[in-house]
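Protein chains in written order, with the UniProt record's numbering: chain A, 1 to 502; chain B, 1 to 409.
Since the hints were derived computationally from the structure, they do not count as laboratory data. Careful: at least some of the hints might be erroneous.
List of simulated lysine-lysine pairs, PhoX-like, C-alpha gap at most 20 Å [as the list claims (entries may be wrong)]:
#1 B:K281 / A:K110
#2 B:K313 / B:K84
#3 B:K139 / A:K214
Just so we're clear, the structure is a prediction, and the values are computed from it rather than from any experiment.
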Amino acid sequence: MKQNKRSNCNLQGNETNLRDKIVISRKQYQIQRRKRSNKTSEHPHAFQDHFNKLLGGIRFADFPYMSIPTLTSTFVGGEMAIRRAMSGRTAVVGARSMSSWWRSVEPAPKDPILGVTEAFLADPNPDKVNVGVGAYRDDNGKPVVLECVREAERRIAGHLNMEYLPMGGSVKMVEETLKLAYGVNSELIKDKRIAAVQALSGTGACRLFADFQKRFRPDSQIYIPVPTWANHHNIWRDAHVPQKTYHYYHPESRGLDFAAMMDDIKNAPNGSFFLLHACAHNPTGVDPSEEQWREISHEFKVKGHFAFFDMAYQGFASGDPERDAKSIRIFLEDGHYFGIAQSYAKNMGLYGQRVGCLSVLCEDEKQAVAVKSQLQQLARPMYSNPPVHGALIVSTILSDPDLKKVWLKEVKVMADRIIGMRTALRGNLEKLGSPLSWQHITNQIGMFCYSGLTPEQVDRLTNEFHIYMTRNGRISMAGVTTGNVEYLATAIHEVTKSASTC
Amino acid sequence: MDSVFAAIAQAPEDPILGVTVAYNKDPSPIKLNLGVGAYRTEEGKPLVLNVVRKAEQFLVNDQSRVKEYLPILGLAEFNKLSAKLILGDGCAAIEENRVATAQCLSGTGSLRVGAEFLAKHYHQHTIYIPLPSWGNHLKVFTMAGLSVKTYRYYDPTTRGLNFQGLLEDLGAAPAGAMVLLHACAHNPTGVDPTLEQWEQIRQLIRSKGLLPFFDSAYQGFASGSLDADAQPVRMFVADGGECLVAQSYAKNMGLYGERVGALSIVCKAADVASRVESQLKLVIRPMYSNPPIHGASIAATILKNSDMYDEWKIELKAMADRIISMRKQLFDALSARGTPGDWSHIIKQIGMFTFTGLNSDQVAFMTKEYHIYMTSDGRISMAGLSSKTVPHLADAIHAAVTRGCYKQI
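Next comes chain A alone, as it looks inside the complex:
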């Protein structure tokens, strides 16, 4: 990742120096002020001039925004001067209006994933292809609303009120969701040992858990695989939970670096918290095999680690929700207590409805009640209670056996289409005579293929071929169609044919 100029600064040293300077300069300023005769109106930028002279040419813009509170916390009343200094403006005599409080807010970098679609939409080229964001497309490249969802909406519209859900969300929807993850006849559900709340899709479930982890295990850290969905880092960071990483992807084989992963699991302090992708790892599409999951589970037992599963693709990976939950079932068999974030964004196509679920497996019902109550305490100051519409869709579908059958069929269709596209893409590349191995395209599973393309190759694909994907080489297979797979293969071949490795 390119190093931002700002992050090269030695922040600690500079911040201390600046703080000292401000304190000194403030004292000097106050002394000078006292020396001046009583003036009712002082030159509004007197301090700023003084300040500027003192600090000379230091560019405040070199420091990230976080310096502002540090710099100005010792100093009240002169923050406007600092802001002016930061914006590089010189004192304007007689300027009477205060400047914005937000003058020094830097423009944020674009989200690496969502920014791709923005760029795609802005491109007028008719051949453009969007294999960026992970939203399913049909073979015509169009977004899909599942039939079971349309039917559910028809049943809902006009019949129900929009009252607040409880803080923990729709009880019915949560019940059905737990069955998917833990098994339809799960004893744990019957024994009420699972603390579960409706959450704002997968993101919201992860964030709630991260906040919960921070509050109740404040000394813990989270181990995150390399690579992972970029937002995982943001989530635990904003929850103020320190992060560590563990080996996962093996670039040379474009598969799992199992040995290194197991080493990291063994070497982590006992009782560490680990983020695991339950199936269809994002962005690599590389999952442990069943045997590997068993070994991982065993080692977790030995070390007393806590597993947090992010399951965003149940059903979407293999086409069979039961099969996709295998990792969880293994951990259940081995008697772990773990947590799960579930999402209906992809497998029910409910993306924008923000429907998901956070569950934490507990020792008994009493503990589950306690944990659930605490999760609700975290949801209340974030959004009070979760949105009702998407939850209604889910519970309508899953509690009606016929509608649920329709859903399962539709999920399989989506998964099968993606598997078909993997085969087609690999086939096309091999037909073109690519010197590289593309086996990984069909070995990997789920929505994404970690192509192994370099950022420079990705840039070429975008600039020369109008193909949009994230710069880590992740291809959203859902964006591949029979209509564009040849074009995609040709373009990839073009930018890789001279490379000995990809």
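Got chain A sorted already, so can you dock chain B onto it with the hints?
Same frame as chain A, now just chain B:
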């Protein structure tokens, strides 16, 4: 293996939402829920506005609609219309592109996103909230990392505004501190400043360089007029200064559970607003990625269609009028019973809630003996009353007040 969370204690019920939980458990046929602020019809039923049903049908029938992710900041059309709703047509700040707006999860979500943004980007970390305020305000701002102080607001002796106290406390606040202001229909007291008082508040806040953060949860619901209820916010924006506004459509559009709201940050300049907008995305993405589409689509449909908008205004006024009528009825009922004390605050206060002045003992008594559910601070939701149930409530208040175990209300 032991659970890593074995030592976790059960959290207390949320004081407001817990009232409904208790109410639901009560088997009494005469029970009355005056706890959470959700509107009820004369029949005591939740209400989905006709215009909302229309908008919903319209959306369901539109086969071209998909369920894709919204952008991080939400539905752009909704954001524009929302800003216009609170800031007014022809608002200079909007025309000059100085307003950054993000669709958020109702009022709570808008407050939280705004608070997290402030904690990250604003140089002052103290926010002043009125005493009393909605219980969740403290939690929202604290979770975001701000420190919370209070300013005097409610005067228990007059059951009105402690204006002097308010001016003194805000006057003593450090320059740059944030101030939470209830745009109208103060929750829980129902006590609002007059426009003249608002003007004084505005001058004080601007002269001290304090940053106003408006919570607008009842626009249109308080007086029945969307414009009148937005006046305080518009006064502040008209002076060219900056502020934050959290809007909710839970009550005024009856969209409660759909979680529809918006956060607007009014900035001094367009380039500032655009940078602020970009930073709002960084707050939202690790919280829930992007907001839910359904409710905002309904709201946008209504706001942009002038017939639907007019229909909405009429239904909104009807709700506000029913509440004003309940106030009058309760006041009359207490007068008729000769209940000791001055109950005029019931008709002077505005919005969904009345701060009765009853203490927690009296509240507990009313719950136990009369099956009336309300928050222990004596706040009742007028929206939960009907002509049929006013007598029951009046009886309960009368009984609670004439019991021997209090000195003065």
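Now for the hints, and whether the structure bears them out:
1. B:K281 / A:K110: holds, 9 Å
2. B:K313 / B:K84: holds, 15 Å
3. B:K139 / A:K214: Given that 20 Å is the threshold and the Cα spacing comes to 16 Å, the pair holds.
When held up to the earlier numbered hints, the structure conflicts with none and fits them all.
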